[in-house]
Amino acid sequence: MSAKNGDQVKVHYRGTLSDGTEFDNSFEKDPLEFTIGEGQIIPGFENAVVGMGEGEKKEFTVTPEEGYGEYNEEGKIEVERANLPEDINPELGMMLQVTTPDNQVVHVTVSDMDENKVTLDANHPLAGKDLHFEIELQEVQDSQ
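For the sequence shown, position 92 matches number 92 in the working numbering, and the numbering has no gaps at all.
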């Protein structure tokens, strides 16, 4: 049976960047479970699973357009250290949550800092990168 829109699937995967750096791997843990067509994962990964059969393996690359988007310099803001909550001691790479003026929660990463200012980056850490995947479809549960 081939995976199609609406099917629940279980997939093992290994994700690497162009330089070979591994950013995630499910082979040592539980497979990724999602329903095709519900937008639970990046489009390029989901599209690669469509048409695969149980036990089938595949390698493919997801471009930023089909992944986490292009890197956007406007997604970075500089804030005064004095404006951070007192209980936060920022470190490079630290992930924080900020609330926008319209009450939306945004995840940011501390990308730069000095004595007075901290740069927060709202881009996804994998934005702007080509993502290489090796996947193996473990299970397909037919939607009908």
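It is worth saying that the hints were derived from the structure and are not from the lab.
You may find that some hints are simply not true.
[Claimed, not checked] With beta-carbon atoms standing in for the labels, derived distance ranges:
| hint | residue 1 | residue 2 | range |
| --- | --- | --- | --- |
| 1 | K58 | G20 | 16 to 22 Å |
| 2 | N103 | E59 | 50 to 56 Å |
| 3 | D24 | E74 | 36 to 42 Å |
| 4 | Y71 | E115 | 42 to 48 Å |
| 5 | D87 | N116 | 42 to 48 Å |
| 6 | Q138 | E74 | 17 to 23 Å |
| 7 | Q97 | T35 | 24 to 30 Å |
| 8 | E74 | T99 | 14 to 20 Å |
| 9 | N116 | E73 | 31 to 37 Å |
| 10 | T21 | E86 | 32 to 38 Å |
[Stated by the list, open to error] Each computed SDA-like pair below joins lysine to any residue, with the alpha-carbon atoms no more than 20 Å apart:
| hint | residue 1 | residue 2 |
| --- | --- | --- |
| 11 | K4 | K29 |
| 12 | K76 | K117 |
| 13 | K117 | E54 |
| 14 | K10 | Q138 |
| 15 | K10 | E54 |
| 16 | K117 | G128 |
| 17 | K4 | G75 |
| 18 | K58 | S2 |
| 19 | K58 | T99 |
| 20 | K57 | E115 |
| 21 | K129 | T61 |
| 22 | K57 | T99 |
| 23 | K57 | D114 |
| 24 | K10 | H132 |
| 25 | K117 | E80 |
| 26 | K76 | E115 |
| 27 | K58 | E115 |
| 28 | K76 | S111 |
| 29 | K29 | E136 |
| 30 | K58 | G15 |
| 31 | K58 | V110 |
| 32 | K57 | P90 |
| 33 | K10 | T21 |
| 34 | K129 | I42 |
| 35 | K58 | D114 |
| 36 | K57 | E80 |
| 37 | K129 | T16 |
| 38 | K57 | S111 |
| 39 | K76 | V50 |
| 40 | K58 | E80 |
Quantities reported herein were computed from a predicted structural model and do not represent experimental measurements.
For glycine and all other residues, C-beta sits at the position ideal for the given N, C-alpha and C.
Verification of the supplied hints:
Roughly 19 Å separates the CB atoms of K58 and G20, a value that falls within the hinted 16 to 22 Å. Separated by about 42 Å at the C-beta atoms, N103 and E59 break the suggested range of 50 to 56 Å. Taking the beta carbon of each, D24 and E74 are about 27 Å apart, not inside 36 to 42 Å as hinted. Between Y71 and E115 the CB atoms are about 27 Å apart, so this pair departs from the stated range of 42 to 48 Å.
Under the hint 42 to 48 Å, the C-beta atoms of D87 and N116, about 19 Å apart, miss the expected range. The hinted range of 17 to 23 Å is not satisfied by Q138 and E74, whose Cβ atoms lie roughly 40 Å apart. Under the hint 24 to 30 Å, the C-beta atoms of Q97 and T35, about 27 Å apart, fit the expected range. The given range of 14 to 20 Å is respected by E74 and T99, whose C-beta atoms sit roughly 19 Å from each other.
At about 21 Å, the CB distance of N116 to E73 disagrees with the hint of 31 to 37 Å. The hinted window of 32 to 38 Å between T21 and E86 holds, with their beta carbons roughly 36 Å apart. Proposed proximity of K4 and K29 is contradicted: the alpha carbons are some 25 Å apart, above 20 Å. Between K76 and K117, the direct Cα distance comes to roughly 13 Å. Compliance with the 20 Å bound is thereby established for this hinted pair.
Taking the CA atoms of K117 and E54, the gap is near 51 Å; set against the 20 Å cutoff, the hint is violated. Using a Cα cut-off of 20 Å, the hinted pair K10 and Q138 holds, with the two alpha carbons roughly 5 Å apart. Of the supplied pair hints, the one linking K10 and E54 holds, its CA atoms being roughly 9 Å apart against a limit of 20 Å. Among the hinted pairs, K117 with G128 is inconsistent with the structure: their alpha-carbon atoms are about 25 Å apart, more than 20 Å.
Between K4 and G75 the alpha-carbon distance is near 35 Å, which puts this suggested pair outside the 20 Å criterion. This hinted pair checks out: K58 and S2 have alpha carbons roughly 14 Å apart, not beyond 20 Å. For the given pair, K58 sits about 40 Å from T99 by alpha-carbon distance, which is inconsistent with the 20 Å threshold. This hinted pair does not check out: K57 and E115 have alpha carbons roughly 50 Å apart, beyond 20 Å.
Annotation: proposed proximity of K129 to T61 holds, straight-line Cα distance about 10 Å (limit 20 Å). Taken as a hint, the K57 and T99 pair is broken in the structure, with Cα atoms around 41 Å apart against an allowance of 20 Å. Pair hint K57 plus D114 does not hold up; C-alpha atoms about 47 Å apart against a cutoff of 20 Å. A C-alpha spacing of about 19 Å is found between K10 and H132, which places the hinted pair at or below 20 Å, so the restraint holds.
Taking the CA atoms of K117 and E80, the gap is about 5 Å. The hint holds against a cut of 20 Å. The hinted pair formed by K76 and E115 meets the criterion: a straight-line CA distance of about 18 Å does not exceed 20 Å. Distance check on the hinted pair: K58 and E115 sit about 48 Å apart at the alpha-carbon level, beyond 20 Å; violated. Under the criterion of a C-alpha separation no larger than 20 Å, the hint pairing K76 with S111 is consistent with the structure, at around 9 Å.
Restraint check: the Cα-Cα separation between K29 and E136 comes to about 13 Å, which is no more than 20 Å; the hinted pair holds. The suggested pairing of K58 with G15 holds, with an alpha-carbon distance near 12 Å, which does not exceed 20 Å. Under the criterion of a C-alpha separation no larger than 20 Å, the hint pairing K58 with V110 is inconsistent with the structure, at around 35 Å. In summary, the hint linking K57 to P90 is not supported, as the alpha carbons are separated by about 42 Å, beyond the 20 Å threshold.
As the CA atoms of K10 and T21 are separated by approximately 24 Å, the hinted pair breaks the 20 Å bound. The hinted pair formed by K129 and I42 meets the criterion: a straight-line CA distance of about 13 Å does not exceed 20 Å. A C-alpha spacing of about 45 Å is found between K58 and D114, which places the hinted pair above 20 Å, so the restraint is violated. Pair hint K57 plus E80 does not hold up; C-alpha atoms about 49 Å apart against a cutoff of 20 Å.
Taken as a hint, the K129 and T16 pair is honoured in the structure, with Cα atoms around 10 Å apart against an allowance of 20 Å. Pair hint K57 plus S111 does not hold up; C-alpha atoms about 36 Å apart against a cutoff of 20 Å. With a C-alpha separation of about 35 Å, the suggested pairing of K76 with V50 is violated against the 20 Å cut-off. Distance restraint check for K58 and E80: the Cα-Cα separation of roughly 47 Å exceeds the 20 Å cut-off, and the hinted pair is therefore not satisfied.
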